[in-house]
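> Here are the chains, one letter per residue:
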Amino acid sequence: GAVVSQHPSWVICKSGTSVKIECRSLDFQATTMFWYRQFPKQSLMLMATSNEGSKATYEQGVEKDKFLINHASLTLSTLTVTSAHPEDSSFYICSARGTSFIHEQYFGPGTRLTVT
Amino acid sequence: DQQVKQNSPSLSVQEGRISILNCDYTNSMFDYFLWYKKYPAEGPTFLISISSIKDKNEDGRFTVFLNKSAKHLSLHIVPSQPGDSAVYFCAASESKLIFGQGTTLQVKP
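So the protein sequences, as listed, match chains R and L. Each residue of the first sequence is one higher than the one before, counting from 1 in our numbering. Each residue of the second sequence is one higher than the one before, counting from 1 in our numbering.
Worth flagging that the hints you see were computed from the coordinates, not collected in a lab.
What follows is a list of derived Cβ distance ranges for each label pair:
hint	chain 1	residue 1	chain 2	residue 2	range
1	R	N51	L	Q81	37 to 45 angstroms
2	L	K54	R	Q29	21 to 29 angstroms
3	L	K108	R	K20	41 to 49 angstroms
Idealized CB from N, CA, C, for every residue including glycine.
Pulled out of the complex, with its shape left as it was, chain L reads as follows:
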C-alpha cells in the first residue's frame, strides 16, 4: 500500500520556467513532509521540508505548498535551471521516512 505517491514519473520544463512537482499521501496523521533531490549513483540531498501546521515554506528558488484537506503537497522551483535536472522524491516523516516513487525532472536549456 503506497502511502506517499508521486503520480508523474517525469516532467520536462524549459529553463527559466516554473517546475511543479506533485505528491499525494493517504495518511492524515502524517505531520511532516520533506523533499529530496537525487542524482544517479548518489545519495539524496535534502531540499526543503514543511510541517503540517504550515501551508507554505520557501527557501530561495524552492517553495513547498501543503494542502492538508486534499492530502497533497507540491514543490515549486522557479526559475528552473538545467542543474535542477534530477529525480525528486517527496517523503512523509514518521519514525522513518516514507518515500514516494520519485519524479524525474528534466530542465531543458
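With the rest of the complex left out, here is chain R:
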C-alpha cells in the first residue's frame, strides 16, 4: 500500500511555457501533499505543503506565483511551473501523507523537468 504516482516522469519544454505535473495517491487518501525539488548531489528541498481544499503553504524563497499548486481532491495535487526558465530545470518530487499515518510521507517517483 501507500503508492504515489507522478506524471509525467520527464518533460522538456521551451522557455516561457508552462508545465503541469500531477501527483496522485493511488491507494490512500492524502490529506496533505508536499512538493520537493532536488538539485544534483543535494538533499530534497521542500517547496510547499498543500492540504486538500486549502491554499498551499510555500517555503521561504519559493515564488508562489511561479509554482502554482492545486490540491483539489484527496488523491490529486498538481504543480504548475509557469513561464518556465532554464533555471527551473530540476527533479521535482511529490509526497503524500494520509490520515492513517500521521508521520510517514510516501513519495512519488519524481519528474525530471528540462527547460530549453
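Dock chain L against chain R, hints included.
Relative to chain R, chain L alone:
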C-alpha cells in the same frame, strides 16, 4: 541552520557486513524520525521509523537506534547487500519532514 545532520557523505561496506549510517539532530522537541532510501532519478522510499518513546525499532535487515540524550540515531543494515547501494536520508517529523543531507552507501560484492 541544519537541524538534522548526516555528517558522513559516503560509506563503503563489503557485502554481508553491517552498514551503519548515522544521523544527529539539534532540536530536542523532535519526537519521530524516519529513514528513507533513494536511488538516482527516483523518489525516496520509506524504510523504517522510530518514535522518541522507543530506543530501537527493527524490521528485517533494518534496525534503527535512537539515543535521545545524545540526539543521535543510526540505521543498521545487516547483512548488507549490493542492492542496498543508494543514498540514505534520515528525517525528523514535525508538520513537515526535515531531512539530513544524505549518505551514499556503496555495498561492494
